[in-house]
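Trainee: Each chain, written out:
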Amino acid sequence: MLAGVLRRLLRTLVTLLVSSFLIFAALYLTPGSPLAFLTHGHSLSPEAIHSIEAQYHLNKPFLERYWLWLTGLLHGDLGRSTITREPVTTLLSPRIGVTLLLVAMGALLIVSGGIVLGVLAGVRGRRTDGVVLTVTTIGLAIPSFVTATILINYLALKLGWFPVYGAGSGFADRVWHLTLPAISLALGLVAYVALITRAAVRVEMGSDHSETARSRGLREGLVIRRHVVRNALLPIVTVSGITVASLVAGVAVVEKAYELPGIGAYLVDSVSNNDFPVVQAICLILVVVYVVVNAVVDVTYLLLDPRLRTGRR
Amino acid sequence: MRSRITVACLVFLALVVLMAVLAPLIAPHSPTEVNLSSAYLGPSLEHPLGTDASGRDIFSRIVFGARTSLLGPLGVIALAVAFGVALALAAAWFGGWVDTGLSAVIDVLFSFPGLLLAIIAVAVFGVGLGAPILALGIAYTPIMARVVRASALRERELPYIAAASVLGLPARLIVWRHLLPNVWPLILAQTAVMFGYATIDLAAISFLGLGVQPPSSDWGLMVAQGRPAILAGHSAEALYPGIALVLVVLCVMVLARRLGDRAGRGL
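Chains D and E supply the protein sequences, listed in that same order.
The numbering of the first sequence is the working numbering, which starts it at 136 and goes up by one.
The numbering of the second sequence is the working numbering, which starts it at 7 and goes up by one.
Which chain E residues face chain D? A few, computed with CB under 10 Å, are given here:
hint : residue
1    : I125
2    : L216
3    : G226
4    : C257
Because the hints were derived from the structure by calculation, they are not lab data.
For glycine and all other residues, C-beta sits at the position ideal for the given N, C-alpha and C.
Just need the whole structure built from these sequences, with the hints factored in.
Mentor: Laid out in structure tokens, this is it:
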């Protein structure tokens, strides 16, 4: 098993290296010279051009440039914005809290809502199953920005239950402000986890060991808790983890829809403003989170499954 | 019941495609003609869904918007199917180090969320549909490749492939004429699923202002442009294109599930 975990960690490291290289190299795919791209074609003072050249090491060979950029990253140097000239870390630090809380609330919704709905659909009769199946199918089909528009229109404006835009101040107020965004972000993924959970629970409901437990006279509730859910947990944990990772990709859209001051909305603004160092930094952060969460899920899976503990796969 | 829903979805999608193709004939007004004196009109015979902030007919904009909203995802899946199937068949057929190498490439591609890749592509190549379509096509490739590779590996071991090899048929012919047709139902089901997700992702790109640019009409863009008016109580421009998006994706997903059931792997 240890070998499996190590192999997974090695693969994660390679993936991180390759994706950081891709994000780095994206700058050199631009039509025209990187310098013109970074200065938006403006003619700057020689000092300004010199500082950009120094920041991107444009006078060094390509691979050395990547190496210098990467070691800079590892020392916490994410570069400087080409618009405000401030360090990217200064620009991101007030914004990252909103995004983190949003993702955390979305993850909570996925794990609680998705698993509860899925178990209900798998265990209860055909009517509950039908309702959950219909709701989840619709949930999968709704883009987050459409959910956001609907929730803002009805729950925030018409009923006045929630604030419309902004992130609020103080923890309780912030959670209240982020409730609708978290629902918009998580809805499709809740539906997905519910579907997978339902399928896993159904398989276990009809399994031999559940039938045996029933024939021994165990109450159905106990059979479901001890035999069905516990065995169905493995695929559920895996899928929940992977969907939590993919929450990260959706933050840009939801933060823009609710005008939240998070790093996702800032990513989109920076793309519109051609502020490439900021785009690179935020993409890198999001990809690293995505890759690391996925790796953690995989390793958890290895640790959870007793069948893999013998060392053979 | 199930088949009735399937037929309903097929009919609805056919109508939407027809609407997109015949947009100039169906739309009662020009999608871009501004008339400030008729802003925010309610639904009427002349404007079935009312008008937006610039007095443009919302129904006509939705009809024309169907074009980019459907053609974009079509481009994405065309790329993903071409790349994904080619990679998967090569990996499954040759096996060995080719398989190991290609699978590693597929794994790394998997580590990039599609929407993020599309946003980077826009940052590099500029706004418009071209860069996001290419980026999403690449991001969806590993999904298709994994599904097809697994299935092709199973098929490869079956007697009919051995029989074809014994007959001395060239590998290209075996893969193309014998292996591919048997993997095809699965490819079709996976393509339908990806069309649904590509529709959502591309609409999101346009919603963010990074895809289709005004004054063209696109459903995602319409939702974004209609948002300020919601605060003033005019929700039509933002809501109707959103509903159109949801209905199209819903029908595609329902069909995808039927195709998946027929390909022998129920969800």
